[in-house]
Amino acid sequence: MKKTLIATLLLGMFASPAFAGETIKIALTGPFSGGSAPMGTSMRDGAKLAITEINAAGGISVGAKKKKIEIIERDDEGKNERGALIGQELASMGDLSGVIGSVNTGVVLAGDKHLQEKGITKIITPAAGSASMTQWSKAGAKDLSIFRFAAHDGIQSSMVVEEAINQKFTKVAILHDATNYGASGHDDLVDQIKKQGNKLEIVATEKFNIGDKDMTAQLLSAKAKGAQAILIWGIGPEMAAVSNGMAKLGMKMPLIGGWTLSMSNYIDNAGKNGNGTLMPQTFIEEAITPKAKSFIEGYHKTYNVTRIPSPVSAAQGYDAVYIFAAAVKQAQSDDTHKIKTALEDLREPVKGVIGTWKHPFSKWDPANEQTHEAFRRTDAVMGKIQDGHVVFANEADRQRLIKNASK
Amino acid sequence: MNLDIIAQMAVSGALMGLVYALIAYGFQLTFATSKSINFGQGELVMLSAFFSLTLLDLGVPYWLMVPGGLMFGAAMGLVVERACVRLSLEQKSEGWILLTIIFGLLGFSAAENIWGRDDRPFPSPISADAMDFFGISITGLEISVAIGVFLVMGVIELFKRRTLMGKAFEAVSADRDAAELMGISATHTIMLSYGLSGMVAAMAGILISPITTVGPTMASALILKAFSVAVVAGLDSGFGVVVIGICLGALESLTSFYLGSGWREAPGLILLILALAVRPNGVFGKASIRKV
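Chains A and B, in that order, are what the protein sequence lines are.
Per my numbering, the first sequence starts with residue 1182, numbered consecutively.
Per my numbering, the second sequence starts with residue -9, numbered consecutively.
Please keep in mind that the hints were generated in silico from the structure rather than gathered at the bench.
Keep in mind that this is a model prediction, so the values were computed, not measured.
One or more of the hints may lead you astray.
Claimed, not checked - Taking beta-carbon pairs under 7 angstroms as the criterion, some of the chain B residues facing chain A (in silico):
1) M6
2) R107
3) M143
4) G144
We put the beta carbon where it would ideally sit given N, CA and C, even for glycine.
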């Protein structure tokens, strides 16, 4: 009995490495629990949907045979120290082809350095603040294995300011949370207002803490100083408190802010007070193209939901997998370094659910992070909350996307 | 500055302050009888809120959920008393400090594992729409908080003054040894006070959840404020916590309006330091005279 057990164990030890070469290992990481969980789990589930499709079609052809994708899942809980541990663990796996994931900037800062050290290819999606890429340009990294597949804060803040100017506002208040994310969002907004010709006067700048529920003081200050719109940077629960506070004080002005306003914990906690809130989106859960239709229906059916918790995250996770798969195919290898080189020069356009990705990344240049950023201004649209769903704020955007897809 | 705004700030702040007062009242109840407090009171608020939310999810109607949630709170209070307080009181040790903190941590982890880490909305039949009183907007929910706080405190105070059990409670608070010589069981009275304290925590949870949402960290900010209120008011004045709670809440709102939202927490801390320096027994506290 004992002997058979040992024999099985030994067999297992020798058998698994031989087996590993048969698959392409991709790690999916992110906060699958905690305050940012809607983003993390939607990204994971969107990515899994793409992987299931690829595997169902036999996998990716590498050399003479087709290889299937194997998923390694790690929950970083949105905690920096977990991010560091997971980064170390993944970096020490010899046969990992790549990593897709992350939401929280702190987690990325703690974990990605381990991946970069070993040159493991990672696509950051659905989020993470600007620092996740600027850390490498600041350090002057000559070669970088980290890519970002998300509408960066620069795009978002420029769209927020643009929207306020388009609506002919002249006085705005900026509300932001006291975290790094909120503070850098505030700086980006102030920057953009300058860049776009100082057409907006900031009449009030107010902070709130994570966990704050009573925003009366901040809102009254904005109201008293004559703000016509509120620009906001924070995460779901506190922004919901702001929205509920505005309703209470009878402030009918629009709330415009970062894409976190589309998180389900904002939409649910703000309820009907959330109607009309505006935020940049990379994907709207509306079946405007055949590809979007099959993706949305697939997601709803597979995970038995009627609403994707974070449609943006799900769509980005889905497209990131297809881009990664295209790189594997072009490299004709599951070697993470070769995949990185292929990602920097993808020859064939990748048809995704957000759009068609033509040469999304290029060779890393420490003077220009844009080389490893896939999203441009035109890839994002303004979204609006209406009765618990995010819809297109501008019909023009909707038509543009339909036209692009039919091309 | 516009008078309307000042009034609005003060009223909104004061309503928040009433919640601090209610939680502080829970500290007081147990301190009166046993000279011990439950440092895990915030977790009791949170656990009761989650339990009540679960009842609602199971289809229990709101008005039946309220007594259910209160019973749960009372039961949790009794558990705390039995598990963390009784033994250390018998040994005249201060072990209850650590034990109640540990019980709180345990409750926190349990909540994370049972209900998850997300903040969840708490449905309520009371309207969240704003009403206008002389230019001040107040929501129905906020009014319900005020009514609820006064109701539960009023009932408990009446109970203490009008019933035999309540009188025993007061007797043990006044002098435990003398009360025991008169045939009052101090152990039972302390149990009663912890049960009541747990019920007060549950009431606080049910009242504020529709405004703050329910999550494992929902009470961590509140509990510190409540503690300041209890210390500033004095740990043996029910009337005092209401006054101090209202003042602190209003002061917080006004500070964050005039000095900036980053200074919001400052008045509570300054009040706490001042009170400890000038009136260590609290503004409404009685100086304790120990006859030997």
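Which hints, by number, does the structure contradict? Of the numbered hints, 3 and 4 do not hold.
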